[in-house]
Amino acid sequence: MYNDTVLEHFRNPRNAGDIDNPSGVGEVGNAACGDIMRIAIEVEDDRIVDVKFKTFGCGAAIASSSMATEMVKGKTIDEALQITNKQVVEALGGLPKPKIHCSVLAEEALHLAIKDYKEKHSA
Amino acid sequence: MIYLDHAATTALKPEVLDEMLPYFTERYGNASTIYSLGREARKGLDAARARVAAAINASPDEIIFTGSGTEADNQALNCALALEKKGKHIITSAIEHHAVLHAAEGLKKRGFKVTLLPVDEYGLVSPDALEKAMTDETALVSIMMANNEVGTIEPIAELAKVAKARGAAFHTDAVQAVGSIPVDVKALGVDMLSLSAHKFYGPKGVGALYVRKGFRVAPFVLGGAQEKNKRAGTENIAGIVGLGKAIELATGDLEARSQRILAMRDALIEGVITKFTGSTLNGHRTKRLPGNVNISFPYVESESLLIHLDFEGIMASSGSACTSGSLEPSHVLMAMGATHEQAQGSLRMTLGDENVDGDIVKTIEALGPIYEKLKAMSPLYQKGGKTLV
Ligand SMILES: Cc1ncc(COP(=O)(O)O)c(C=O)c1O
Ligand code: FES
Chain A
0 MYNDTVLEHF
10 RNPRNAGDID
20 NPSGVGEVGN
30 AACGDIMRIA
40 IEVEDDRIVD
50 VKFKTFGCGA
60 AIASSSMATE
70 MVKGKTIDEA
80 LQITNKQVVE
90 ALGGLPKPKI
100 HCSVLAEEAL
110 HLAIKDYKEK
120 HSA
Chain H
0 MIYLDHAATT
10 ALKPEVLDEM
20 LPYFTERYGN
30 ASTIYSLGRE
40 ARKGLDAARA
50 RVAAAINASP
60 DEIIFTGSGT
70 EADNQALNCA
80 LALEKKGKHI
90 ITSAIEHHAV
100 LHAAEGLKKR
110 GFKVTLLPVD
120 EYGLVSPDAL
130 EKAMTDETAL
140 VSIMMANNEV
150 GTIEPIAELA
160 KVAKARGAAF
170 HTDAVQAVGS
180 IPVDVKALGV
190 DMLSLSAHKF
200 YGPKGVGALY
210 VRKGFRVAPF
220 VLGGAQEKNK
230 RAGTENIAGI
240 VGLGKAIELA
250 TGDLEARSQR
260 ILAMRDALIE
270 GVITKFTGST
280 LNGHRTKRLP
290 GNVNISFPYV
300 ESESLLIHLD
310 FEGIMASSGS
320 ACTSGSLEPS
330 HVLMAMGATH
340 EQAQGSLRMT
350 LGDENVDGDI
360 VKTIEALGPI
370 YEKLKAMSPL
380 YQKGGKTLV
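Chain order of the listed sequences is A and H.
First residue of the first sequence: 0, per numbering that gives the first Met the number 0; consecutive thereafter.
First residue of the second sequence: 0, per numbering that gives the first Met the number 0; consecutive thereafter.
This is chain A alone, in the form it adopts within the complex (with noise of 0.2 angstroms):
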């Protein structure tokens, strides 16, 4: 059910962790699933140096944690606020269709993340 490039991910996925003192967190629950997802961002000079994830969560869950801090590591908080899920499905060859709302989970934990950090750091 799920391609090559998604199961690589889930099986050796990139960036899973915490951040001590981060920048920015973000964590979004699925209310269809009930499924749960944190990202932690580390920003000097609006750019992100540092991203890590947590997930509960199924396999694409777990992959688009995965893809989504890959894509967003070393970008300015601008640039990874245009990263978008259909962008994270794309890059991951696609996902089955009843999991597409999984990857939305990692947009949402990631632009509430840099939010966070928005409000922290404009205070």
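The set of hints was computed from the structure by calculation and includes no laboratory data.
Only a predicted model underlies this, so the values are computations on that prediction, with no experimental measurement involved.
Do not take every clue at face value.
Stated by the list, open to error - Derived EDC-like pairs: lysine to aspartate or glutamate, alpha-carbon spacing no greater than 20 angstroms straight-line: (1) H:K374 x A:E7; (2) H:K286 x H:E157; (3) H:K286 x H:D119; (4) A:K51 x H:E371; (5) H:K361 x H:D265; (6) H:K112 x H:E136; (7) H:K374 x A:D17; (8) H:K274 x H:D356; (9) A:K96 x H:E327; (10) H:K286 x H:D265; (11) A:K114 x A:D17; (12) H:K163 x H:D183; (13) H:K203 x H:D17; (14) A:K114 x A:D49; (15) H:K42 x H:D60; (16) A:K114 x A:D19; (17) H:K372 x A:E7; (18) A:K72 x A:E41; (19) H:K374 x A:D19; (20) H:K372 x A:D17; (21) H:K212 x H:D183; (22) H:K160 x H:D135; (23) H:K203 x H:D352; (24) H:K374 x A:E26.
As the list claims (entries may be wrong) - Here are a few chain A residues that sit away from chain H, every Cβ distance over 12 angstroms (derived from the structure): (25) K74; (26) D77; (27) I82; (28) H110; (29) D115; (30) E118.
What the hints assert, rightly or not - Rough simulated footprint, nothing fancy, chain H against chain A, three-plus residues with beta-carbon under 8 angstroms: (31) 1-10; (32) 34-40; (33) 53-59.
Just so it is clear, CB atoms sit at the ideal spot from N, CA and C, and this is done for glycine as well.
Once you have looked at the hints, place chain H with the ligands on chain A.
Frame of chain A; chain H with the ligands shown alone:
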């Protein structure tokens, strides 16, 4: 490869295949014809019917062959339409297979009232609860003999007695039971019972409905006069012959087979529960199918466990295979009062004839690093046992 998904389906036994093969080739006749080729097919059909009957203590004319366990369930539930004079109410349970639940939904659309009996934390349906739910309008009661997800064995004889006392027909879905535990239709006192060949090392796409003599079953698939007008369609002779052989094998040495499998089941349950802190057994400890293990792992989702196990060559399942395309947590575990997290983290491992003790050891070993890895990745788990959210 370690196959731990016998509740989903089983591998065809070579002896079963051997008996089936001639009916694909030289004995291809239509059993409804009168020449020798047709008579040969008829003979195969009759012999299979006798074997199925003997296996469940029925007589041959009480067996109707169907295209699957699902079809047998549908035919049984649709009998309610013919019992309308009694009333437009049926009772079933919250943990039935979708073959029954969705057929019940169909009856609802045709004006029936459907009561879903709740279950306790072990997945047991209570005869008292059935008694209370019965009304003068209750035409049919359908409760499964053993649950496909958690393996709980229901008190069918008692439940059937309650239904019969109020003049309602009683059906049991014994798809998971036949070939795993003793099934005697007379001792159970049921009017109808469904079974399916591929759950006991027979072919897929063939099942049977037992119908007690004197109970008027309504046809479900309409057409020709096959199966005494109770199930139309040219018979799947090879499949039916396979069902007959498979049920004879599975019930012939049931005691020895199930003792061996039950010992492995208990070793797997004990091994996992002891090794993984917080893991819990779903279902009943003893009123349980000999091959069923269903365990919830805290902090992780079962799909992730399954994919990792697959990388290790171990095939298991989460809940039922039929619902793996959906996001809903198992309706069975939810009915048993499981939390969302428990339901999401449930792993079903169902054992069968080709498993050996070494499979249990290897599975428990493989689960160790897999569970650690997923736990470390879970936002619900914090090292030191502190949980978030
Ligand atoms: C309890 C139960 N009922 C019905 C079925 C459906 O049987 P079949 O696969 O033959 O349609 C199954 C298995 O899939 C089952 O486990
Ligand atoms: S994240 Fe819940 S099903 Fe994928």
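> Within 20 angstroms, alpha carbon to alpha carbon, are K163 of chain H and D183 of chain H?
Replying inline: Holds - the C-alpha atoms of D183 of chain H and K163 of chain H are around 17 angstroms apart, at most 20 angstroms.
> Non-interface claim for I82 of chain A: all C-beta distances to chain H beyond 12 angstroms?
Replying inline: Since the minimum Cβ distance to chain H is about 21 angstroms, I82 of chain A lies beyond 12 angstroms and the statement holds.
> Are the Cα positions of K286 of chain H and D265 of chain H separated by 20 angstroms at most?
Replying inline: 13 angstroms, holds
>> Holds or violated: K42 of chain H and D60 of chain H, Cα atoms, limit 20 angstroms.
In response: 14 angstroms, holds
> Checking C-beta pairs, does the region 53-59 of chain A have three or more residues closer than 8 angstroms to chain H?
Replying inline: As far as the region 53-59 of chain A goes, the hint holds, because 6 residues have Cβ atoms under 8 angstroms from chain H.
>> Given the hinted pair K286 of chain H and E157 of chain H, is their Cα-Cα distance within 20 angstroms?
In response: Holds - the C-alpha atoms of E157 of chain H and K286 of chain H are around 15 angstroms apart, at most 20 angstroms.
>> K203 of chain H and D17 of chain H were given as a pair; does the straight-line alpha-carbon distance stay at or below 20 angstroms?
In response: 16 angstroms, holds
> Straight-line Cα separation of K374 of chain H and D19 of chain A no greater than 20 angstroms?
Replying inline: 19 angstroms, holds
> Within 20 angstroms, alpha carbon to alpha carbon, are K203 of chain H and D352 of chain H?
Replying inline: Since the Cα atoms of K203 of chain H and D352 of chain H sit roughly 17 angstroms apart, the hinted pair holds (cutoff 20 angstroms).
>> Closer than 8 angstroms Cβ to Cβ for three or more residues is the test here. Does the region 34-40 of chain A pass it with chain H?
In response: Coverage by chain H holds for the region 34-40 of chain A (4 residues, Cβ < 8 angstroms).
> Are all beta-carbon distances from H110 of chain A to chain H longer than 12 angstroms?
Replying inline: Given a closest Cβ separation of 17 angstroms, the condition holds.
>> Between the alpha carbons of K372 of chain H and E7 of chain A, is the straight-line distance 20 angstroms or under?
In response: 15 angstroms, holds
Hint compliance for this structure: no hint is broken.
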